[in-house]
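Here are the chains, one letter per residue:
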Amino acid sequence: QQKVQQSPESLSVPEGGMASLNCTSSDRNFQYFWWYRQHSGEGPKALMSIFSDGDKKEGRFTAHLNKASLHVSLHIRDSQPSDSALYFCAASEPGYQNFYFGKGTSLTVIP
Amino acid sequence: EAAVTQSPRNKVAVTGGKVTLSCNQTNNHNNMYWYRQDTGHGLRLIHYSYGAGSTEKGDIPDGYKASRPSQENFSLILELATPSQTSVYFCASGEVGGAREQYFGPGTRLTVL
Chain B
7 QQKVQQSPES LSVPEGGMAS LNCTSSDRNF QYFWWYRQHS GEGPKALMSI FSDGDKKEGR
67 FTAHLNKASL HVSLHIRDSQ PSDSALYFCA ASEPGYQNFY FGKGTSLTVI P
Chain Y
81 EAAVTQSPRN KVAVTGGKVT LSCNQTNNHN NMYWYRQDTG HGLRLIHYSY GAGSTEKGDI
141 PDGYKASRPS QENFSLILEL ATPSQTSVYF CASGEVGGAR EQYFGPGTRL TVL
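Same order as they appear, the protein sequences are chains B and Y. Numbers in the working numbering are just positions in the first sequence, counted from 1, shifted up by 6. Numbers in the working numbering are just positions in the second sequence, counted from 1, shifted up by 80.
There may be inaccurate statements among the hints.
Stated by the list, open to error - Listed next, the in silico DSBU-like pairs over lysine-lysine satisfying Cα-Cα at most 30 Å (straight line):
1. Lys109/B to Lys91/Y
2. Lys9/B to Lys137/Y
3. Lys109/B to Lys145/Y
4. Lys51/B to Lys145/Y
5. Lys109/B to Lys137/Y
6. Lys73/B to Lys137/Y
7. Lys51/B to Lys91/Y
8. Lys51/B to Lys137/Y
9. Lys98/Y to Lys109/B
10. Lys62/B to Lys109/B
11. Lys109/B to Lys51/B
12. Lys145/Y to Lys9/B
None of these hints come from the bench; they were simulated from the model.
Make the full structure from the sequences, and use the hints.
This is the structure we're talking about:
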């Protein structure tokens, strides 16, 4: 069973718009959540992490975590064509050295 | 910037042949990982290592072996390649713990005919 579920599978937003990506987990032991971004032809790269309930903002990117509902989201404001990529949610638990990755959300920003 | 390199970047192999994918990291990270990426499946963990001489099975280890001869190098070995192993393979390195970022290489595209 997939421990990390992402939605939607794909998303298109106009340039300058807001993109919202969602991630839910089925394991209450997860404490560490990451968002990774992968541009076509490249390896994934960590975008941001969130370990505490609430919001974390880095530039145009805001992550939100609600541990009670096991839900984490990523919001991209003022989306740019360069934001077009595959976005992965990843989760891990204390004492565990690996990540569980979701299947990814493909974001397309339309100029 | 942490650096992970992979070779080869592209590989075409024949069914039943042996394939070795190589990974090198200059980050002095203890942990290294091999993933495969397929459409509809995301990133799936094949093998990982906590340090030189150690290898551990991930979620989909069948048909794969791994070797960690040094802190810097981690190899993925397909002894008898099959068409179902056609995929893009990524190596990653990271410090200990889920609170620490994993750094990925550029990937190897493997086609098994």
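Quick rundown of the hints versus the structure:
Proximity of Lys109/B to Lys91/Y is assessed by CA-CA distance (about 25 Å); at most 30 Å being required, the pair is judged to hold. Taking the CA atoms of Lys9/B and Lys137/Y, the gap is about 18 Å. The hint holds against a cut of 30 Å. For the hint linking Lys109/B to Lys145/Y, the alpha-carbon distance of about 24 Å falls within 30 Å, and the restraint holds. For the hint linking Lys51/B to Lys145/Y, the alpha-carbon distance of about 25 Å falls within 30 Å, and the restraint holds.
A distance of roughly 20 Å separates the Cα atoms of Lys109/B and Lys137/Y; the hinted pair therefore holds under the 30 Å criterion. Restraint check for Lys73/B and Lys137/Y: satisfied, since their Cα atoms lie roughly 29 Å apart, inside the 30 Å limit. A C-alpha spacing of about 23 Å is found between Lys51/B and Lys91/Y, which places the hinted pair at or below 30 Å, so the restraint holds. Only pairs whose Cα atoms come within 30 Å are accepted, and Lys51/B paired with Lys137/Y is accepted, the gap being roughly 23 Å.
Restraint check for Lys98/Y and Lys109/B: satisfied, since their Cα atoms lie roughly 29 Å apart, inside the 30 Å limit. Restraint check for Lys62/B and Lys109/B: satisfied, since their Cα atoms lie roughly 23 Å apart, inside the 30 Å limit. Between Lys109/B and Lys51/B, the direct Cα distance comes to roughly 15 Å. Compliance with the 30 Å bound is thereby established for this hinted pair. This hinted pair checks out: Lys145/Y and Lys9/B have alpha carbons roughly 25 Å apart, not beyond 30 Å.
Figure legend: structure checked against the earlier numbered hints; every hint is met.
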